[in-house]
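> Chains as they are written, first to last, in my numbering: chain C, 2 to 281; chain H, 15 to 230.
Source of the hints: derived by calculation from the structure; they are not laboratory data. In this text, all values refer to a predicted model and were calculated from it rather than measured experimentally. One or more of the hints may lead you astray.
[To be verified] Straight-line C-alpha distance at most 20 Å; calculated EDC-like pairs for lysine to aspartate or glutamate:
(1) K36(H) / E72(C)
(2) K36(H) / D25(H)
(3) K68(C) / E58(C)
(4) K56(H) / D191(H)
(5) K36(H) / E35(C)
(6) K68(C) / E110(H)
(7) K68(C) / E39(H)
(8) K115(C) / E110(H)
[As the list claims (entries may be wrong)] With the Cβ distance kept under 8 Å, some of the chain C side facing chain H (calculated, not the full set):
(9) M2
(10) R6
(11) E72
(12) F75
(13) Q95
(14) G97
(15) N123
(16) Q124
Using N, Cα and C, we set each Cβ at its ideal position, and we do this for glycine too.
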Amino acid sequence: MLTKRVIPCLDVNAGRVVKGVSFVNLRDAGDPVELASYYDREGADELVFLDITASAEERDTIIEVVKRVSEQVFIPLTVGGGVRNAGDVRRLLQAGADKVSMNTAAVMDPRVFKEAADAFGNQCMVIAIDARRIGPGAPTAPPAPLPADHPGRGPLAVDAGSRWEVYVRGGRTPTGIDAVKWARYMQEQGAGEVLLTSMDEDGRKDGYDNGLNRAVSEAVTVPVIASGGAGNAAHMRDAIVDGHADAVLAASIFHYGETSIVGVKQYLRRSGLPIRLGPA
Amino acid sequence: MPAMEPIVIVDYGAGNLRSVQKAFEHLGHAAAIADDPDTVAKAPAIVFPGQGACPPAMATLNRHGMADALRQAVRSGTPFFGVCLGLQLLFDWSEEGDMPGLGIIPGRVVRLPRGPRVPHMGWNEVRLARSHPVFEGVPDESLFYFVHSYHAVPSRPESVVATTDHGIAFCSVAARDNVIATQFHPEKSGPLGLRLYDNFVRCVVSSPRGGTRVSH
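Based on the provided sequences and hints, a complete structural model is requested.
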């Protein structure tokens with residue numbers, strides 16, 4: 002039986018992990034290779050690296066990180082953050098990434114995503130979606146300037162039945178696109194997986210948005226990774242059982258030792274879920 | 015273990031060859047990436063990885079004379095390890111693009127059934143149908159990492175080394191003579207995956223080319 006995946010996410014800035022593991026005795030807690038190896042030993046099923054490098058001249062640092070990690074760590078590696086086009090995807094795959102996620106660039110022009118999926122295969126293209134609940138309290142920033150012929154201004158636009166909206170640029174900019182329709186549309190454009198982040202829950206450690214997870218999981222047939230809101234192992238069980246997620250992603254609760262991957266996996270297995278325990 | 019010429023990893027523009035190469039190097043075995051038929055013809059052992067779609071891959075293999083070189087190498091007894099798309103391309107025909115494959119193992123390749131999520135992505139159990147030297151020391155029902163939307167249906171039951179469940183029980187490891195192929199990615203399956211590559215190299219060393227074949 003296919004097991005449910007537990008995936009730690011590492012933020013990388015200019016080749017260094019930020020907000021890295023702070024509770025174990027690593028020689029260098031900012032070294033991506035050391036952290037990746039640590040999570041691999043703990044039983045992580047995959048790793049996600051999110052490149053948050055802002056300066057243009059340091060953009061290639063992520064390529065070196067991917068090369069070094071893939072020489073040492075033999076589990077799947079997804080890389081995202083600032084991926085603009087098929088050329089960026091190619092360079093990351095050649096460096097050793099197994100999957101590449103695209104977010105803002107895919108929203109601004111879905112053809113860019115499709116071009117990469119056609120060239121490299123759906124299995125390595127992940128659509129990362131940052132979604133927020135529609136309603137009072139949603140940010141009111143100026144929306145992203147979508148071209149007139151963009152499907153987000155037509156069939157994918159938020160309507161009276163919409164519950165979640167797609168945001169871009171780190172979750173700050175609304176798009177007017179319905180998140181559930183967007184997920185289904187991007188599957189048609191060649192997405193092999195959906196990395197779904199609730200911007201409402203992200204950082205709150207109060208549980209995932211399982212209404213969102215379930216709505217997207219039911220709208221697509223590709224796997225869905227739930228992200229945003231993990232505070233403990235029970236939240237992860239809920240995302241799988243109630244949210245129908247195929248995988249759960251978390252960052253800070255692993256990094257700060259609030260819970261370990263081993264502990265989460267033992268809990269999920271005791272809950273009756275198919276789970277792979279550590280590699281040893 | 016005696017020194018040997020580098021294992022040849024076939025490059026036909028499909029997927030993550032670097033990870034495969036690094037896996038062999040991590041184990042202390044030299045591995046070279048090659049995209050020309052001459053190197054394939056002289057290889058002491060061949061690894062045939064791949065990801066993505068059958069049609070462009072097959073087109074590339076045919077265009078560069080690589081398809082013939084691979085068939086010839088298999089016929090001459092060169093130990094051969096196919097991975098993922100490299101398993102699917104070994105069969106006679108694929109539903110993906112409705113096109114012929116290399117015809118090295120009898121059977122065809124079809125899409126995974128609707129119902130469970132496709133691509134089949136993640137760690138799943140590999141249930142051994144019979145023993146094979148490449149799986150020496152690997153417990154039955156071990157977990158390996160899969161990413162695929164199509165699966166092989168061998169014509170002959172003896173080609174099936176292991177099966178995995180995802181909607182149906184499909185052939186996740188196929189073999190014939192000096193050929194073994196896995197639908198999953200050993201280079202992404204942690205220590206057990208690396209064990210398969212290590213076992214493969216041991217088979218190569220203990221079975222000189224043209225001598226005893228890897229398996230039967």
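> Which of the stated hints cannot be reconciled with the structure, identified by number in ascending sequence?
6
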